[in-house]
Amino acid sequence: AQKVTQAQTEISVVEKEDVTLDCVYETRDTTYYLFWYKQPPSGELVFLIRRNSFDEQNEISGRYSWNFQKSTSSFNFTITASQVVDSAVYFCALSLLSYNNNDMRFGAGTRLTVKP
Amino acid sequence: NAGVTQTPKFQVLKTGQSMTLQCAQDMNHEYMSWYRQDPGMGLRLIHYSVGAGITDQGEVPNGYNVSRSTTEDFPLRLLSAAPSQTSVYFCASSSGTPLYEQYFGPGTRLTVT
Numbered sequence: 001a002q003k004v005t006q007a008q009t010e011i012s013v014v015e016k017e018d019v020t021l022d023c024v025y026e027t028r029d030t031t032y033y034l035f036w037y038k039q040p041p042s043g044e045l046v047f048l049i050r051r052n053s054f055d056e057q058n059e060i061s062g063r064y065s066w067n068f069q070k071s072t073s074s075f076n077f078t079i080t081a082s083q084v085v086d087s088a089v090y091f092c093a094l095s096l097l098s099y100n101n102n103d104m105r106f107g108a109g110t111r112l113t114v115k116p
Numbered sequence: 001n002a003g004v005t006q007t008p009k010f011q012v013l014k015t016g017q018s019m020t021l022q023c024a025q026d027m028n029h030e031y032m033s034w035y036r037q038d039p040g041m042g043l044r045l046i047h048y049s050v051g052a053g054i055t056d057q058g059e060v061p062n063g064y065n066v067s068r069s070t071t072e073d074f075p076l077r078l079l080s081a082a083p084s085q086t087s088v089y090f091c092a093s094s095s096g097t098p099l100y101e102q103y104f105g106p107g108t109r110l111t112v113t
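Chains as they are written, first to last, in this note's numbering: chain P, 1 to 116; chain W, 1 to 113.
Warning: the hint list may mix true and false statements.
Interface residues of chain W toward chain P, partial, derived using beta-carbon atoms under 10 Å [unchecked claim]: (1) Ala-24; (2) Met-27; (3) His-29; (4) Ser-33; (5) Tyr-48; (6) Ala-52; (7) Gly-53; (8) Asp-56; (9) Tyr-64; (10) Gln-102; (11) Phe-104; (12) Gly-107; (13) Arg-109.
Have a look at the derived ranges for each label pair, beta carbon to beta carbon [unchecked claim]: (14) P/Thr-78 x W/Asp-38: 25 to 31 Å; (15) W/Ser-18 x P/Ile-60: 46 to 52 Å; (16) W/Asp-38 x P/Ala-1: 14 to 20 Å; (17) P/Lys-16 x W/Gln-57: 44 to 50 Å; (18) P/Pro-40 x W/Gly-96: 24 to 30 Å; (19) W/Glu-30 x P/Glu-17: 28 to 34 Å; (20) P/Lys-115 x W/Thr-15: 40 to 46 Å; (21) P/Glu-15 x W/Thr-15: 27 to 33 Å; (22) P/Asp-18 x W/Lys-14: 44 to 50 Å; (23) W/Phe-10 x P/Glu-10: 24 to 30 Å.
Computed far set for chain P versus chain W, every beta-carbon distance over 10 Å [unchecked claim]: (24) Thr-9; (25) Val-14; (26) Asp-22; (27) Val-24; (28) Gln-69; (29) Ile-79.
Worth flagging that the hints you see were computed from the coordinates, not collected in a lab. Just so you know, these numbers come straight off a predicted model, no measurement behind them. Cβ coordinates follow ideal geometry from the N, Cα and C atoms, glycine included.
Excised from the complex, chain W in its bound form (with noise of 0.2 Å):
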C-alpha cells in the first residue's frame, strides 16, 4: 500500500494563478481531510469529507474548493492564489471520522509570489 499520496511536493505560483493539489489515498478511507500548516499555527483543518460525494468545510475554507467524486481522490483545488496562501498542505485519511487514527501525506509546500 503507498498510504496516502500527494503531488506536487513542491509549488510555486504567481499571485492570481489556480492550481489543484492532488491526493490520493489506496487504504479504502471514507474519510478525507486537507489542512494547511503555517508557523506557530499548527495545521488548521480547510476543508474534509466523509465519502465520495460529501465535502463540508472546516476551519479555514475561503480560497479553496474541493470535490469527491471518488473515495480515492481528495483534490484541494485554488481558484486564485494569494500570498497568504503560502503554506504546507497536508492531505490525510482516516477509516472512519477524525475520531479514528488519520494517516497523513507527505505534505505539499507551496509558495505563492
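The following block holds chain P by itself, in its conformation from the complex (with noise of 0.2 Å):
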C-alpha cells in the first residue's frame, strides 16, 4: 500500500527565513507522482506541483524549490525568503495508476505559520 508521511506538524518561522517542509513516500509501484498542494487560511486547496517517478530533476519557481531523491523516497519543498502569505496547510500527495488502482493518498499536511 502506499504512503506519504509529513514528519513536520507544525512549521514557524520569521519573514525572509528559508524553509523546508518534509514528505517521504511508500510504495512499491515504479510509476507514480508526487504533488504538493497549498491550503491557504481560505480553505481551498491549490495545485503547486506535479513530478513523475522517472523526473528527479529538481525544480525552481521563484521562491519555491522541489528536491525529488528516488533513493530516500523523498519529494521535499523548499520556501526560499518566506513571506507571511506563505502561511498556510501544505501536503504532499502520490498517485499511482494501475489498471484498478487509480487513487491518491495526501500526507497529513504541515501547517506553515511565517510572523513578520
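Bring the two chains, given one by one in their own frames, into a single complex with the hints.
Written out as C-alpha cells, the structure reads:
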C-alpha cells in the first residue's frame, strides 16, 4: 500500500527565513506521481507542482523549489525568503495508476506559519 | 468558469439522518473525486469517478454512496449519518486521472450530532 509521511506537523519561521517542508513516501510501484498542494486559511486547496517518478530533476519556481530523491523516497519543498502570505497548510500527495487503482494518497500536512 | 462548486457550505445533521452533498464542475473534466479532511489526517479519498457512469471506492468509502449520471455532477450521499462522519468534505475534478492537477471546491463543513 502507498503512504505519504509529513513528519513536521507545524513549523513557525520569521519572514525572510528559508524553510523546508519534508515529504517521505512509500510505494512498491515504479510509476507514480508526487504532488504538493497548498491550503491557505481560506480553505481551498491549490495545486503547486507535480513530478513523475522518472524525473528526478529538481525544480525551481520563483521562491519555491522541490528536491526529489528516489534513493530516499523523499520529495521535499523549500520556500526561500518566506513571506507572511506563505502561511498555510501544505500537503504532499502520491498518485499511482494501475488498471484497478486510480487513487491519490495525501500526507497529514504541515502547517507553516510565517511571522512578520 | 465557476470551477468546482459545492453545496452546502455548512451542514448540521443528527445521527441517522441522510443527506446529499452536491458537487458540480463546469470544466468538462472526466475525473471527479470526494475527499474528507480530518485534523491530523490530511485528505482521504472517499470515492472517485473516471467518467459518467463509472465510480469506484477510495480509501474510506464506508457510509457513503456516489453516482455519476452526468460529466458535470458528482453528488455524495450519506445514508445514515454518524458522528464519525463529522468532517470537512472536498470535491475535486481533473482533466485526466489524478495524474493531472486537481481543482478543488471550497469544501462543506459537516457536523453530525
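Exercise. In ascending order, which of the hints set out earlier in this document are inconsistent with the structure?
Worked result: 1, 2, 3, 6, 7, 9, 19, 21 and 24
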